[in-house]
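With the hints as your guide, set chain W onto chain A.
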Amino acid sequence: MRTFFQLFVVLFFFIWVFFSPFYVSACDFWACFVPSFAEQQSWDKDILEQLDLTNPVDVWNNLTPDEQSRFSYSCSEEGICSDTTEKKFTIEVSAGAKCDGVQTLCNGNGCGGSGGVSGSCQGETCYCTASNKFLAAAGGACGDWQGAGSGGYEVRWCNEGNARCTDTDKSGCYYQIRPSQEQFIGVSGPPTGYVTDVTGGYIPDPELCGNEHCDSGESCFDCPQDCGSCSSADITAYSVVSPDAATLSCTDLALKIPTANIAGSYTLAPYTKSSIRGEKMSTVWKMMPVLDAINGTKYSISSILGTHKYVQTCVSAGGVDYISGNEGMLKSASTLKFLLAYTPPGPWTQTNQGNVYTGKGIFSYIPALLRRNYFNLWDDTLTSTTPFTDKSSAGIVQYGSDDLGDYDFSVDESNKMEASANYNKWLIQEKKKPKDSVISRYFTLRNHPDAVP
Amino acid sequence: MTTKSKPSMVAGKKYMIYTASGDVTTSGDWTILDNDALIIIIDGNLTINGTITKPKDHENSKGLIVFVVNGTISVASSIGSVPSLVVIAATDPRSTFPVPAENLYGVFVSKAFKTGVSNATTPRLIVRGSVITDKLTLERDNAVFNEKGNSQESSELFIYDPQLLITLPDVLKTRQYRWEEVVP
Numbered sequence: 000m001r002t003f004f005q006l007f008v009v010l011f012f013f014i015w016v017f018f019s020p021f022y023v024s025a026c027d028f029w030a031c032f033v034p035s036f037a038e039q040q041s042w043d044k045d046i047l048e049q050l051d052l053t054n055p056v057d058v059w060n061n062l063t064p065d066e067q068s069r070f071s072y073s074c075s076e077e078g079i080c081s082d083t084t085e086k087k088f089t090i091e092v093s094a095g096a097k098c099d100g101v102q103t104l105c106n107g108n109g110c111g112g113s114g115g116v117s118g119s120c121q122g123e124t125c126y127c128t129a130s131n132k133f134l135a136a137a138g139g140a141c142g143d144w145q146g147a148g149s150g151g152y153e154v155r156w157c158n159e160g161n162a163r164c165t166d167t168d169k170s171g172c173y174y175q176i177r178p179s180q181e182q183f184i185g186v187s188g189p190p191t192g193y194v195t196d197v198t199g200g201y202i203p204d205p206e207l208c209g210n211e212h213c214d215s216g217e218s219c220f221d222c223p224q225d226c227g228s229c230s231s232a233d234i235t236a237y238s239v240v241s242p243d244a245a246t247l248s249c250t251d252l253a254l255k256i257p258t259a260n261i262a263g264s265y266t267l268a269p270y271t272k273s274s275i276r277g278e279k280m281s282t283v284w285k286m287m288p289v290l291d292a293i294n295g296t297k298y299s300i301s302s303i304l305g306t307h308k309y310v311q312t313c314v315s316a317g318g319v320d321y322i323s324g325n326e327g328m329l330k331s332a333s334t335l336k337f338l339l340a341y342t343p344p345g346p347w348t349q350t351n352q353g354n355v356y357t358g359k360g361i362f363s364y365i366p367a368l369l370r371r372n373y374f375n376l377w378d379d380t381l382t383s384t385t386p387f388t389d390k391s392s393a394g395i396v397q398y399g400s401d402d403l404g405d406y407d408f409s410v411d412e413s414n415k416m417e418a419s420a421n422y423n424k425w426l427i428q429e430k431k432k433p434k435d436s437v438i439s440r441y442f443t444l445r446n447h448p449d450a451v452p
Numbered sequence: 000m001t002t003k004s005k006p007s008m009v010a011g012k013k014y015m016i017y018t019a020s021g022d023v024t025t026s027g028d029w030t031i032l033d034n035d036a037l038i039i040i041i042d043g044n045l046t047i048n049g050t051i052t053k054p055k056d057h058e059n060s061k062g063l064i065v066f067v068v069n070g071t072i073s074v075a076s077s078i079g080s081v082p083s084l085v086v087i088a089a090t091d092p093r094s095t096f097p098v099p100a101e102n103l104y105g106v107f108v109s110k111a112f113k114t115g116v117s118n119a120t121t122p123r124l125i126v127r128g129s130v131i132t133d134k135l136t137l138e139r140d141n142a143v144f145n146e147k148g149n150s151q152e153s154s155e156l157f158i159y160d161p162q163l164l165i166t167l168p169d170v171l172k173t174r175q176y177r178w179e180e181v182v183p
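Chains A and W supply the protein sequences, listed in that same order.
Residues 0 to 452 (numbering that gives the first Met the number 0) are what the first sequence spells out, left to right.
Residues 0 to 183 (numbering that gives the first Met the number 0) are what the second sequence spells out, left to right.
Careful: at least some of the hints might be erroneous.
[Unchecked claim] Each computed DMTMM-like pair below joins lysine to aspartate or glutamate, with the alpha-carbon atoms no more than 20 Å apart:
#: 1; chain 1: A; residue 1: 359; chain 2: W; residue 2: 138
#: 2; chain 1: A; residue 1: 330; chain 2: A; residue 2: 233
#: 3; chain 1: A; residue 1: 285; chain 2: A; residue 2: 221
#: 4; chain 1: A; residue 1: 330; chain 2: A; residue 2: 320
#: 5; chain 1: A; residue 1: 308; chain 2: A; residue 2: 251
#: 6; chain 1: W; residue 1: 3; chain 2: W; residue 2: 42
#: 7; chain 1: A; residue 1: 359; chain 2: W; residue 2: 133
#: 8; chain 1: W; residue 1: 134; chain 2: A; residue 2: 405
#: 9; chain 1: A; residue 1: 297; chain 2: A; residue 2: 326
#: 10; chain 1: W; residue 1: 3; chain 2: W; residue 2: 22
#: 11; chain 1: W; residue 1: 61; chain 2: W; residue 2: 160
#: 12; chain 1: A; residue 1: 359; chain 2: A; residue 2: 405
#: 13; chain 1: A; residue 1: 285; chain 2: A; residue 2: 326
#: 14; chain 1: A; residue 1: 308; chain 2: W; residue 2: 140
#: 15; chain 1: W; residue 1: 134; chain 2: A; residue 2: 407
FYI, nobody ran anything at the bench for these hints, they're computed from the structure.
With the rest of the complex left out, here is chain A:
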């Protein structure tokens, strides 16, 4: 009977639960035993608001096991530690706070590490630079010197506390500059490209043209923006050829300019620029700079003419007679003239097609700068630069092998110009070798290394 009663009570209870007007859902049923989500969130906040949120670890350690079973946290680059599993709760931490036990805010690598690619730690404070998520707290030093910058400067950015002085955000900052070389110290004025306040530091002078200082090595010729415009005058150079150029005076050589002039090739120093052809095959440099308005500027000249033998140079400054020398003073609104004297090349010989043989030596001092400075030419025209037409070619050039057997095609004593024998560079040394009663000529071909086969 007792058992039946117990069964009745249980059955009545279920009937009451499912069929009574006070029916509640299963969810509401469990809510009778577990706080609702809203209630739980409010309760959790009440708990956490009493905790020190500067360190999420403290939050975690102060939770009960039951709370820890419902809470978890992770860190974001935004400095947010949140429960990523149930989305029930979010902990926002301040700059410099620890997350997951280590300093990890805005480290560029997510949670779990300190420092990082662009962050740095000083004590318990995390400094972020590139990401700019959290800026450094007060007390930091100026940034490090950033190496040679524009014009050789080194720059570092500072403010009080070094806050907000980052590569991308320099508002409110100033810079310090130190020179890359000691000799640049002491020149005022900031470098271009920096528009913020300047306090302290050195401003180097890179000695570049355009720095508004006429530095050593700069002149009105190559840096007029710093040194001002130059005075100027013309320089003229002549070349004359005379068999007795070595013995004639400069005055006599000057008399040969109208009749014995040739086109020269010159090197002018210390300043030069493109020249023009003047009268009597002269070379003229117009408006050459005169740096010293009183004493003038000294110019010198040399020649690289290769067709004649150089003998001497004469100079005339300010319209006076030529005197021996290869340098002179150019003064403003005056003239400076050079006269270079040469002896003509000696007579020389040339062949065209066919073979050339000699049992002894071949000597023909061909002017080096001729268009076709070969001893043996190759076609029926004397100025063609196209070798080996379909109807002709150069022959071999052969010299002897005895004591006088030699060759030379250049006035240059250090170079016999074997390559000038002919286009093929076929220069042959003959060795005579008697054979029985018949004279047999025995040749050894001495091809030039880059001879044309």
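Below, chain W without anything else, positioned relative to chain A:
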């Protein structure tokens, strides 16, 4: 010394061989014509006193002249050309320039050959053909014409004539060679 004008050909003969003993001097300018095949052998010296040329309109003909001299061939100073002194820069668009006409044409075989000292009006000697000699003396100097005379052109120019391979008698072309090329 005898003075000789240009010998003549005989109709029907392939070559004409003339000989002379003692020194010989040419007389007048000689022109080598199509049918000329002259071989002149001199036991003595030869002085060439006039031009020996093969005109342009005959330059591809069979015309031939050969001097075989048992002595010295001397060219008179009056035979020659004026150097052109044309300055042609490397960048000059002209790609061709005709070879100047020769002053002497032929084959010259001798113990010595002297080109002759230049004079002011005909300093440059141009020879077309072949010069075969034991001693070649180059005496020309364009500088006697102009101080710049040697700066552009040679004082002597020897131009090979491939026509000689055809026109020369075989006996004058025989030569034996053995060639051997060595490692450069």
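Consistency of the hints with the structure:
no.	hint	verdict
1	A:359 / W:138	18 Å, holds
2	A:330 / A:233	9 Å, holds
3	A:285 / A:221	16 Å, holds
4	A:330 / A:320	16 Å, holds
5	A:308 / A:251	18 Å, holds
6	W:3 / W:42	14 Å, holds
7	A:359 / W:133	10 Å, holds
8	W:134 / A:405	15 Å, holds
9	A:297 / A:326	7 Å, holds
10	W:3 / W:22	10 Å, holds
11	W:61 / W:160	12 Å, holds
12	A:359 / A:405	7 Å, holds
13	A:285 / A:326	17 Å, holds
14	A:308 / W:140	16 Å, holds
15	W:134 / A:407	18 Å, holds
In summary, this structure violates none of the numbered hints.
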